[in-house]
Amino acid sequence: MSVVLAVDDTRALRAMLADCLKKGGHDVILAVDGVEALDQLRKHKPDIVITDLNMPRMNGLDFIEAARREPEGKSLPMLLLTTETAQSLKDRARAVRATGWLTKPFDPKQILSLVDQLA
Amino acid sequence: MDDDEDFEALFFSETRELLDALQEHLNLLADDEGDSETVHAAFRAVHSVKGGAAAFGFDRLIAFAHIFETVMDRIRSDTLMLDPHVAQILLRSGDMLQVLAENAEAGTEDKPVDGLQRLQQELEVLAGEREDGDIVEEGAPEPAPAEAAAPAEPEPSEEEDDTPALKEIVCRITPEEPFFESGHDILRLIRAAREHGLTTIHSEGDVPNIAEFDPRICTLTWELTFQTDQTLSDVEEFFGIYAHTAQLDFFQPGAEDDIDQDAEAQEESPAVQETPPAKSAQTAPSQQEKPPVGPAAAGAGGTNKPKAPAAPPNAARGADPNKSLRVEIARIDRLVNLVGEMLITQAALAQQITYGDEHQVSDMAHSVDAMSRQLRELQESVMAIRAQPVKSVFRRMPRVVRDLAEKLGKEAKLELEGENTEVDATVIEELSEPLTHMIRNSMDHGLEGNDDREAAGKPRVGRIKLAAEHKGERVIITIEDDGRGVNRERVLAKAIERGLVSPEDQLSPEEVDMLIFHPGFSTAEEVSAVSGRGVGMDVVKKKIMALGGRCSVVSTPGKGAVFTITLPLTLAVMDGMTIAVGDQKYILPLSQVVEALRITGESGKRLPDGSSLLERRGEYLRLLSLRSALDLPPRDSTDQMAIVVDTETSGHVALTVDELIGQRQIVLKSLEANFHKVDGISGATILGDGQVALILDVQALVRMQGASAPIEETFH
Amino acid sequence: MTFAANQIDPTAETAHPGSDVRQYVTFLVGESIYGVDINLVREIKQWTPTTVLPNQPSYTKGVLNLRGTIVPVHDLRARFGGPLTEPTETNVVVIVWIGTKTVGILVDAVSDIIGVPNDDIRQVPAGHAMGDMSAIGGLVTSAAGMVALLDLNTMFPTQDDDEF
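Residue numbers (the numbering used here), protein chains in the order written: chain S, 1 to 119; chain R, 120 to 835; chain X, 836 to 999.
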């Protein structure tokens with residue numbers, strides 16, 4: 001069982017992610033954007049982060065970049081889950097040290113096995 | 120309810136909010152009042168809708184949102200100029216997204232949508248994906264969808280191997296520089312890989328000299344050998360997450376050709392990139408059919424129990440699209456009822472005081488005062504739960520205007536004001552239809568054509584303003600246009616033709632204007648496609664009156680017209696006038712009461728057929744005995760009161776009552792809950808003494824009594 | 836009102852081992868005894884004046900306020916073709932569930948609660964002369980005499996489109 005921080009500005013996707021993760025037996029912390037996610041990261045020290053890319057206030061890439069500077073985020077697996085496919089964004093994700101890139105729609109089974117695999 | 124449907128309902132309610140916001144942003148952009156943040160926000164809204172749609176597999180919605188998003192992205196990055204032409208396409212795209220979302224919600228995603236193909240192509244032109252002039256006319260075969268549009272069905276890269284026999288798969292993984300900094304851990308990888316049938320690990324390369332050791336750089340290549348019943352693609356999927364930060368090479372020593380798919384190759388092929396989630400969803404059932412052998416079964420951990428599919432079938436959904444309250448309505452209603460009962464208790468207490476002991480009276484009065492105050496607060500807070508901004512209805516109107524502008528060939532601009540004015544959710548739901556009607560009316564009959572406007576020295580583009588504001592316990596909605604105003608000559612001619620008024624009647628201009636609300640009256644000379652079905656403002660009035668509201672119009676010829684709707688803030692509580700007939704008490708909706716008169720010997724008249732008239736300031740009103748309408752035993756009496764009410768169907772009518780008791784706020788109770796509908800009665804309430812009082816449905820009572828009585832009009 | 840002591844046959848259950856025993860609330864209208872399944876009885880209220888409804892059958896006495904909900908009251912005597920009851924404070928309204936609706940039945944007095952084995956319920960003989968008997972679901976004999984078990988759904992249909 002892991003503590004998963006799920007970040008998405010879309011309520012429905014947040015709820016689906018949370019539901020999927022809870023059914024997999026994980027504890028879920030939610031955040032609506034990067035700013036809130038950073039806060040949650042410091043507070044709850046999750047085992048793994050799954051974040052959306054396009055979000056208001058602070059997007060997923062900026063969040064990962066910032067989180068990597070935090071002691072809690074230094075070696076934390078942080079996955080981007082997005083509909084974006086642009087190579088430039090993927091390069092940016094690599095540069096900010098995102099653990100991996102997942103495309104929406106997410107497959108609950110894949111999410112769960114990735115949490116088991118990485119966290 | 121199924122979980123997926125729950126999420127879907129959530130998605131749709133959120134999508135509505137997103138699209139509302141999008142509409143707002145696009146309107147700002149179209150008016151050239153937006154900034155880069157507006158563009159960003161609009162982009163994000165489209166993007167979020169697309170993301171959600173992808174989760175549920177609404178392909179059309181995804182495809183359209185995708186191209187829309189691409190265009191927004193180009194505007195965001197200044198690749199595309201946001202000129203009025205583009206802004207118009209964006210506005211229409213916002214509308215289209217709404218239509219597609221509505222279809223998806225209604226379970227009719229595949230229903231043909233007018234203009235979808237054309238609009239999609241226009242967007243493709245803006246996105247630079249299509250030549251201008253290469254727009255295929257509607258009805259022509261739809262071109263192959265844009266590649267990233269819908270997630271393509273993945274081609275299984277391997278034939279499913281039914282034999283549970285284990286095969287050998289080798290993966291060489293060479294972590295690249297960001298690998299460890301990206302939160303990966305080779306030990307964790309190996310531990311997880313073990314559950315997929317990892318048998319041997321081989322490392323190649325030199326561990327560097329300790330002085331040069333950089334913990335961030337892994338100079339080793341790991342060769343992991345699996346003995347597994349999984350297919351190559353399953354193993355590739357397991358490693359997929361590392362492709363981002365490592366070189367991957369796969370071999371299948373037993374197979375004829377070694378497969379060499381490195382990370383770069385994968386990244387460059389969007390088809391492959393898009394597939395993993397879809398693919399695994401596809402292969403999941405066949406995996407489950409396989410006997411769970413050894414490590415493979417353990418590897419899946421708790422995850423191979425059947426999961427709800429990501430894309431549920433497009434079944435019809437029962438959710439009411441307008442119910443976006445997060446609170447169960449039944450609970451709220453219970454609260455409202457509770458408050459109602461408390462109001463009754465308070466009234467009872469007040470009654471006790473009237474007959475109580477003198478000493479107790481001041482104490483009781485004091486506590487009753489306090490109780491009244493608390494109750495009012497409680498009531499307000501309870502109502503606030505149900506209160507919603509009129510925004511949700513108002514936001515649908517720009518689309519109505521744009522659609523009509525196109526159909527009528529008139530340019531018009533809709534201004535919205537006071538969208539945050541809050542009204543009870545039940546009222547909001549009922550408001551959409553009459554408002555749409557009134558906007559149509561303004562577009563169709565109010566605004567002149569653009570050329571006529573210019574000739575009249577007006578701005579070419581017509582203006583309609585829709586506004587809402589609170590006034591006391593009511594909400595006022597105005598629809599104002601700068602068109603030609605009510606055409607009084609035509610209205611009057613029509614009213615005379617229809618026999619609504621006689622040519623001799625001397626009507627004031629205002630009275631003529633009000634004729635448009637008269638039942639059966641429509642200024643549309645032919646049933647136009649716009650006003651449709653030949654319905655007019657009388658339908659609007661009927662609806663508004665049913666909500667306990669009133670409507671009126673003030674017209675200035677040549678300058679425009681202002682329609683005003685006054686509505687109660689809620690349908691659960693209303694202002695009523697308590698009257699008595701015999702020993703029974705009844706409630707008349709205050710919104711319909713015009714005035715109360717005492718009937719004197721001279722004011723009541725009788726027609727030869729026995730029906731009664733009441734003279735009021737030189738005019739005659741039909742006089743209706745509530746006693747006989749309500750089937751109560753007759754009584755001879757001369758000193759009765761008459762309450763003049765405004766009926767929707769027969770103008771002003773006077774009702775005779777024995778006594779006028781007073782005005783009070785009443786809590787509506789249903790008769791139907793335990794009984795059934797009773798003609799002439801719209802509901803009931805409970806008075807301070809615990810007695811039930813019926814709320815009169817004035818229209819129905821007049822109609823019921825109207826069969827034998829002459830129709831008397833009130834436009835005198 | 837007076838209650839006869841223990842009208843429930845104490846041997847009822849042992850005498851009919853294979854049949855269900857149901858409890859019925861019985862009440863009096865004139866000389867007749869009627870019974871309603873106790874599970875359908877919500878409460879019993881003393882008569883209070885009702886608010887009359889226009890244009891309803893004469894046996895519908897109007898509506899009363901049952902803690903904030905509006906409940907119709909029907910006169911059982913009039914429903915079975917008898918004269919209208921002129922209720923006084925001694926009259927009683929039996930509040931019953933009919934489907935999802937709550938309905939009041941005006942009777943003279945509540946009599947007892949009796950246990951009735953299903954096997955003891957007899958059919959109403961066909962061709963019975965006295966008024967509308969379709970609302971009687973069965974007959975049973977108690978210590979106090981014959982009890983007519985009411986079929987509430989037939990007697991007071993609660994569907995909105997039903998006219999009665």
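To be clear, the hints were calculated from the coordinates, so they are not data collected in a lab.
For clarity, every value in this text was computed on a predicted model and none was experimentally measured.
Fair warning: there could be bad hints in the mix.
PhoX-like cross-link-like pairs, simulated, lysine-lysine; straight-line CA separation at most 25 Å [to be verified]:
#1 X:Lys880 with R:Lys510
#2 X:Lys936 with R:Lys796
#3 S:Lys74 with S:Lys90
#4 S:Lys43 with S:Lys90
#5 R:Lys613 with R:Lys577
#6 R:Lys590 with R:Lys704
Evaluated hints:
1. Using a Cα cut-off of 25 Å, the hinted pair lysine 880 (chain X) and lysine 510 (chain R) is violated, with the two alpha carbons roughly 49 Å apart.
2. Note on lysine 936 (chain X) and lysine 796 (chain R): the hinted pairing holds, with a Cα-Cα distance of about 14 Å set against a maximum of 25 Å.
3. A threshold of 25 Å between alpha carbons decides the hint, and for lysine 74 (chain S) with lysine 90 (chain S) the separation of about 20 Å falls inside it, so the pair holds.
4. The suggested pairing of lysine 43 (chain S) with lysine 90 (chain S) is violated, with an alpha-carbon distance near 28 Å, which exceeds 25 Å.
5. A hinted pair counts as satisfied when its Cα atoms are at most 25 Å apart, and lysine 613 (chain R) with lysine 577 (chain R) does not qualify at roughly 28 Å.
6. For the given pair, lysine 590 (chain R) sits about 30 Å from lysine 704 (chain R) by alpha-carbon distance, which is inconsistent with the 25 Å threshold.
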